[in-house]
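Protein chains in written order, with this note's numbering: chain L, 1 to 109; chain U, 1 to 109; chain G, 1 to 109; chain C, 1 to 109.
Wrong hints could be hidden among the right ones.
Intra- or inter-copy, both count: the list cannot distinguish identical chains.
[Said to hold, decoys possible] Calculated lysine to any residue pairs in the SDA-like style (CA-CA distance at most 20 Å, straight line): (1) K104 / N9; (2) K93 / L75; (3) K104 / I8; (4) K104 / I82; (5) K44 / L77; (6) K104 / D2; (7) K3 / V79; (8) K3 / S98; (9) K24 / E47; (10) K7 / A52; (11) K100 / E48; (12) K105 / M1; (13) K7 / S46; (14) K3 / Q19; (15) K3 / T45; (16) K104 / S46; (17) K89 / S99; (18) K104 / G49; (19) K24 / A97.
Calculated directly from the structure, the hints in this document are not laboratory data.
Since the model is a prediction, treat every value here as computed from it, not as a measurement.
Here are the chains, one letter per residue:
4 protein chains.
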Amino acid sequence: MDKTIKKINDFREERDWRQFHNPKDLSISISLEAAELLENFQWKTSEEGLSADMENVKEELADILIYSLMLASDLDLDVHEIIEEKLQKNALKYPIASSKGSNKKYTDL
Amino acid sequence: MDKTIKKINDFREERDWRQFHNPKDLSISISLEAAELLENFQWKTSEEGLSADMENVKEELADILIYSLMLASDLDLDVHEIIEEKLQKNALKYPIASSKGSNKKYTDL
Amino acid sequence: MDKTIKKINDFREERDWRQFHNPKDLSISISLEAAELLENFQWKTSEEGLSADMENVKEELADILIYSLMLASDLDLDVHEIIEEKLQKNALKYPIASSKGSNKKYTDL
Amino acid sequence: MDKTIKKINDFREERDWRQFHNPKDLSISISLEAAELLENFQWKTSEEGLSADMENVKEELADILIYSLMLASDLDLDVHEIIEEKLQKNALKYPIASSKGSNKKYTDL
């Protein structure tokens with residue numbers, strides 16, 4: 001992962017773009033890329049979505065990851081660590097016994 | 001990364017949640033988590049955003065990464081690979097010479 | 001509509017909130033409220049969505065409208081006018097003959 | 001407003017598009033249009049946003065309103081009524097005395 005993050009950081013440093021990259025504006029960009037990803041599935045059922053334009057899906061997903069890794073890097077966060085911590089927290093909110101096979105929010109379990 | 005993806009997949013398999021995880025609905029969830037991240041910066045300037053609730057920022061960023069890695073895993077995509085491919089594509093859209101220090105879209109360069 | 005817009009503007013003036021209401025930050029708020037609306041349908045099929053919590057749907061939809069009307073008011077836009085103009089533009093992009101019964105984008109028609 | 005809503009409904013009926021318009025998929029579309037609106041302000045400060053492409057802002061705002069009015073119409077909601085109800089609810093969450101001039105959430109007041 002370190003190698004990938006270095007490539008991402010090199011990309012923005014070569015373009016002198018760090019000046020635009022604060023947490024608020026990076027979060028806006030993650031949100032915009034997430035919408036571009038979702039646009040592939042607009043007016044499609046979940047099943048029809050399985051045959052969406054996967055080339056575009058791949059690119060929008062990459063954009064989401066790129067901005068997310070920039071934000072993690074700027075905040076000195078280790079992505080593996082924050083993912084594992086969040087999974088542990090989610091495990092408490094969604095115990096296997098009560099959440100298995102259910103699409104309910106933890107507040108409704 | 002493989003280890004982290006395995007933990008994420010174990011989490012959803014133990015809860016029998018794969019039935020809900022198609023590309024459309026995962027994309028909706030990425031979008032919702034991106035909004036929860038952005039909510040930390042609502043009504044704040046970019047500078048005020050630097051002192052947002054970073055504990056919450058960390059958790060929402062983790063959620064975005066978790067759903068993004070689920071989608072990548074479901075589509076058999078290697079995240080390092082798709083990120084590098086996208087950086088190369090972006091490098092063509094944003095040559096250093098014309099984009100350095102600029103916040104313009106490539107269509108306006 | 002004028003009466004409703006006046007009530008919305010009175011609400012923010014009484015609270016001295018206009019200082020926070022520029023087009024960028026109002027757009028962020030519309031986006032966040034749109035996500036809160038969409039959250040009612042997370043992990044639900046379109047059919048299951050028909051029995052979502054309509055009390056919450058109503059409130060989030062109202063929030064989207066309130067921020068949208070604030071932005072229109074700040075930009076001196078007449079909402080009826082911009083809606084009609086956009087419908088006319090959409091009618092050119094989506095002629096009845098080619099778009100009837102189709103969920104395709106105009107670029108794919 | 002009734003006249004505008006009728007035009008919007010005529011537009012989709014002529015194209016036989018009501019079959020795609022359930023609350024979940026309309027909410028996705030509101031979210032996507034909100035992102036297209038926000039894209040006008042990407043990488044801009046709130047002040048720079050004042051000189052964004054207002055022609056595009058106007059169109060995206062119209063799209064948000066169109067989908068929002070479709071959803072309101074489908075759910076038999078009167079937009080003036082739901083806006084006023086929400087303003088009254090917000091007034092309780094944000095009493096003038098404690099919220100005047102403040103950008104804090106009601107949970108932090």
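For each hint, the structure was consulted:
| no. | hint | verdict |
| --- | --- | --- |
| 1 | K104 / N9 | between (39 Å within a copy, 19 Å between copies) |
| 2 | K93 / L75 | neither (26 Å within a copy, 27 Å between copies) |
| 3 | K104 / I8 | between (37 Å within a copy, 19 Å between copies) |
| 4 | K104 / I82 | neither (24 Å within a copy, 27 Å between copies) |
| 5 | K44 / L77 | neither (36 Å within a copy, 22 Å between copies) |
| 6 | K104 / D2 | neither (36 Å within a copy, 29 Å between copies) |
| 7 | K3 / V79 | both (13 Å within a copy, 12 Å between copies) |
| 8 | K3 / S98 | neither (40 Å within a copy, 26 Å between copies) |
| 9 | K24 / E47 | between (35 Å within a copy, 8 Å between copies) |
| 10 | K7 / A52 | neither (29 Å within a copy, 27 Å between copies) |
| 11 | K100 / E48 | between (26 Å within a copy, 19 Å between copies) |
| 12 | K105 / M1 | neither (32 Å within a copy, 28 Å between copies) |
| 13 | K7 / S46 | neither (34 Å within a copy, 25 Å between copies) |
| 14 | K3 / Q19 | neither (22 Å within a copy, 34 Å between copies) |
| 15 | K3 / T45 | neither (38 Å within a copy, 31 Å between copies) |
| 16 | K104 / S46 | both (18 Å within a copy, 16 Å between copies) |
| 17 | K89 / S99 | within (14 Å within a copy, 33 Å between copies) |
| 18 | K104 / G49 | between (22 Å within a copy, 13 Å between copies) |
| 19 | K24 / A97 | neither (38 Å within a copy, 27 Å between copies) |
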